[in-house]
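Engineer: Chain by chain, the residues:
Protein chains: 2
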Amino acid sequence: MALIDRQSGLFTDHYELTMAQGYYLSGMKDTPARFDYFFRKAPFKGSYVVFAGLQNLMEMLGNFIYDEEACEFLNSRGFNPEFVNFLSRLRFSGDVWSAAEGEIVFPYEPVLSVGGTIIECQLIESMLLNILNFESLIATKASRVKHAAGDKEFIDFGLRRAQGTGAIQASRAAVIGGASGTSNMLAAYQYGLESTGTQAHSWIQSFGSELTAFREFANAFPDRCVLLVDTYNTLGTGVPNAIKVAQEMEERGHRLKGIRLDSGDLAYLSKQARKMLDDAGLEYIRIIASNQLDEYVIRSLKEQDAPIDAFGVGTNLITGRDDAALDGVYKLVFSNGKDRLKISDNIEKMILPGKKRVFRFSDRNGNFYADGVSLNSENELDIICHPFHSEKCSDISNFKREEIVMQVMRKGETLISFKNPYEIAAFAGERIKRLPIEHKRFEFPHIYKVGISRKLIERRDSLIREIRKDM
Amino acid sequence: MALIDRQSGLFTDHYELTMAQGYYLSGMKDTPARFDYFFRKAPFKGSYVVFAGLQNLMEMLGNFIYDEEACEFLNSRGFNPEFVNFLSRLRFSGDVWSAAEGEIVFPYEPVLSVGGTIIECQLIESMLLNILNFESLIATKASRVKHAAGDKEFIDFGLRRAQGTGAIQASRAAVIGGASGTSNMLAAYQYGLESTGTQAHSWIQSFGSELTAFREFANAFPDRCVLLVDTYNTLGTGVPNAIKVAQEMEERGHRLKGIRLDSGDLAYLSKQARKMLDDAGLEYIRIIASNQLDEYVIRSLKEQDAPIDAFGVGTNLITGRDDAALDGVYKLVFSNGKDRLKISDNIEKMILPGKKRVFRFSDRNGNFYADGVSLNSENELDIICHPFHSEKCSDISNFKREEIVMQVMRKGETLISFKNPYEIAAFAGERIKRLPIEHKRFEFPHIYKVGISRKLIERRDSLIREIRKDM
Chain U
0 MALIDRQSGL FTDHYELTMA QGYYLSGMKD TPARFDYFFR KAPFKGSYVV
50 FAGLQNLMEM LGNFIYDEEA CEFLNSRGFN PEFVNFLSRL RFSGDVWSAA
100 EGEIVFPYEP VLSVGGTIIE CQLIESMLLN ILNFESLIAT KASRVKHAAG
150 DKEFIDFGLR RAQGTGAIQA SRAAVIGGAS GTSNMLAAYQ YGLESTGTQA
200 HSWIQSFGSE LTAFREFANA FPDRCVLLVD TYNTLGTGVP NAIKVAQEME
250 ERGHRLKGIR LDSGDLAYLS KQARKMLDDA GLEYIRIIAS NQLDEYVIRS
300 LKEQDAPIDA FGVGTNLITG RDDAALDGVY KLVFSNGKDR LKISDNIEKM
350 ILPGKKRVFR FSDRNGNFYA DGVSLNSENE LDIICHPFHS EKCSDISNFK
400 REEIVMQVMR KGETLISFKN PYEIAAFAGE RIKRLPIEHK RFEFPHIYKV
450 GISRKLIERR DSLIREIRKD M
Chain H
0 MALIDRQSGL FTDHYELTMA QGYYLSGMKD TPARFDYFFR KAPFKGSYVV
50 FAGLQNLMEM LGNFIYDEEA CEFLNSRGFN PEFVNFLSRL RFSGDVWSAA
100 EGEIVFPYEP VLSVGGTIIE CQLIESMLLN ILNFESLIAT KASRVKHAAG
150 DKEFIDFGLR RAQGTGAIQA SRAAVIGGAS GTSNMLAAYQ YGLESTGTQA
200 HSWIQSFGSE LTAFREFANA FPDRCVLLVD TYNTLGTGVP NAIKVAQEME
250 ERGHRLKGIR LDSGDLAYLS KQARKMLDDA GLEYIRIIAS NQLDEYVIRS
300 LKEQDAPIDA FGVGTNLITG RDDAALDGVY KLVFSNGKDR LKISDNIEKM
350 ILPGKKRVFR FSDRNGNFYA DGVSLNSENE LDIICHPFHS EKCSDISNFK
400 REEIVMQVMR KGETLISFKN PYEIAAFAGE RIKRLPIEHK RFEFPHIYKV
450 GISRKLIERR DSLIREIRKD M
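Chains U and H supply the protein sequences, listed in that same order. Just so you know, we're using numbering that gives the first Met the number 0 here: the first sequence kicks off at 0 and counts up by one. Just so you know, we're using numbering that gives the first Met the number 0 here: the second sequence kicks off at 0 and counts up by one.
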């Protein structure tokens, strides 16, 4: 099911429609074009991005329509009736090249490219950016949490603080990045995610006492009972009452699965709770922690040897705090038979013109060493150079190479089969394992090398000269 | 149209369903309960929140169902079949009391309350928090941008960096907070928002030269032409070419509406561009600026007397940067005939028990002075006290009072008529005008007084003693 069932064609910025009408009225409706999606900076002061959103994007492309109501709306907003009539018959029938969903990608490389008529390429821009920027942001955040959590499990608890219905995409992206499941039932339903959840403070409050509340819950869920122990006093009543109920459950042949800590000093409380549980012979009871967690807090808890078995991560995961957005852009690189460039006073805002290929180079141990971007027309790629300091080059002829951006859609037809989020997560996990650790540390990570071919540099420089001459 | 057409009942956390099943199996399915929605901290280091999301919430409550597919899914996830069958017949038939959408609200006051069976109140928690937290966050951010922009217009340009489909709600909330329109066509369609947009760099790039691109656009849109002047060199070619095209348009009896600056130093460039336009006798051409704007940048531009007529605000507005989420919570305050409390080691995390009323007190000039919360059973409210330092009290008997939280839904039936977002924005604007300026400044705003009645303090303290005794 597509993210937006109806009016998908309206999931765009006004200016895309204005430009499309302009192209239509200028007789350019069939002009071929190509756009690249890329980003200039990895979020969270990191070095990499876990690419996500491809499936949702492709399903939206397959469902991209202007139905009668959308057309009426556009007419009412003053769009040209002939153009609106053209839109009513428009379907996305372009080509898409893309990195696999779950791939680890880096600044400045064209992660995804779209080819088609300039009108269809333009109209889908805002939707494409919205989906890829957001889902990649959250998958990347999740992969950082996973890095901190190591062999411990973490679960997305973010629905209540997520940015509206974006929560549904976010929970999927969290799983791609490494969450084992989510609290979000709608995301679980739509994407086949594992879901989990036990009780809130309101459950505890709504009974006469904490002990009664625990007993009632244990009766209702004898085999998957996790008790929230911090409603009144974690160590004073919560853990002792949980131990009492666990012992009663044992007598009935059941086992309490876990306790959850949701406030206070999680390092201190988890150690004390673990000791109390162990002293009562209840070593099997797991400790789950939540409350304002992120990759840094989890790292700190692990450094303190806090005996926490699973983390529930909410707001900071699901909103990608502290980076609310990935800065991905979608730039015209080719139209009407010509490579295109936007030049800028800021050289780092320059783009790579033309149709290109993206390769990854790995060392003999399989570790990722660098990525390289070349022109489609090039046969070999042995030297890659820094995109802005073209005197800095590397010989990568001895490295193993693989092409990481492949065609996934041809004339609107999907060429790949979609994987479920856990399969994508497994792929992302394998890939990230091959990224050397110095690129994954949280503080000042080593920048991963992305180079471009000498031919691409020459192409870019000659286009710059051409444009400057015309100015 | 509701935010989520189908499976709205699944837009919830797993634990809400677990608890609901627990209540069902414990014979508590008809237990009456009441929950309060409130937040503890205003976002953006501010003092207030523009309350938004009520209409979307109420439409979702009206549409809250578990259809056959949802029930099948819940059965497949191990929920009790009898309970799932109960859900298939469940409709939300509770009561809702709420501040008006667009009202200015403050920490610790119950902005919205829900009454009904404990099951229905619990199941809607995650959805309610998701909608109110997010829409209020963005409306609040927009009101700050509006405060900075003053009499200048600003427009939401955020779709491409918004958090997925949450963009649609966010654009509506941005208008409630003060945006004059949006680039987001789907939000414009769904909520009747003004939409606007002209061209991107790709339009300029796709023609042989900037001048040709400008001319083609002016031909296609003679009466609403805004030209993007920074693709190659803003002052060197962009503005001169725009002037040339504006003069050609004048000869044909049209007027260029504006130019847009999207990079570089906006203060410097807008001043230079203004001078160039004025020197050419084109005083009527507006200057629109975009690129990483927020309330602080806009304030700085205005301090520098940058001659900018309208601001396009994107990422920072639509994601609520730097606060990704409002920390609103939904807490049980009454169930089964008893007022309820969650006590905590942290006194500021304590809640206000029972059914309550919320009043606003204004001085003789109509300026908001304080809010007060009392028990439903109280007849008069002349003294309000600090919620955590109950020795600090104020006599508010001489202030004008109004009740700001009113019933909006009875037994599932909506009691109010919905206003369009511009009407809500007008209301929000009037209310925020009555909030003294010291509460609106960006740096260390004065905290707005929210007090509680002495009877409410007594009620809370006696409940604390009761709970402590039972522990």
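Honestly, I wouldn't trust all of these hints.
As the list makes no split between identical chains, a pair holds if one copy fits it or if it spans any two.
Below, simulated BS3-like cross-link-like pairs (lysine-lysine); rule was C-alpha separation at most 25 Å, straight line [to be verified]:
1) K410 - K270
2) K468 - K301
3) K301 - K44
4) K270 - K28
5) K243 - K468
By construction, these hints were calculated from the structure, which means they are not laboratory data.
Engineer: It remains to establish, for every hint, whether it holds in the given structure.
Structural biologist: Against the structure, the hints:
1. K410 - K270: neither (59 Å within a copy, 47 Å between copies)
2. K468 - K301: Neither. Shortest intra-copy (60 Å) and inter-copy (37 Å) distances fail the 25 Å Cα cut-off.
3. K301 - K44: The answer is within: 22 Å in one copy meets 25 Å, while 31 Å across copies does not.
4. K270 - K28: neither (67 Å within a copy, 37 Å between copies)
5. K243 - K468: Between copies, since 19 Å is at most 25 Å while 83 Å is not.
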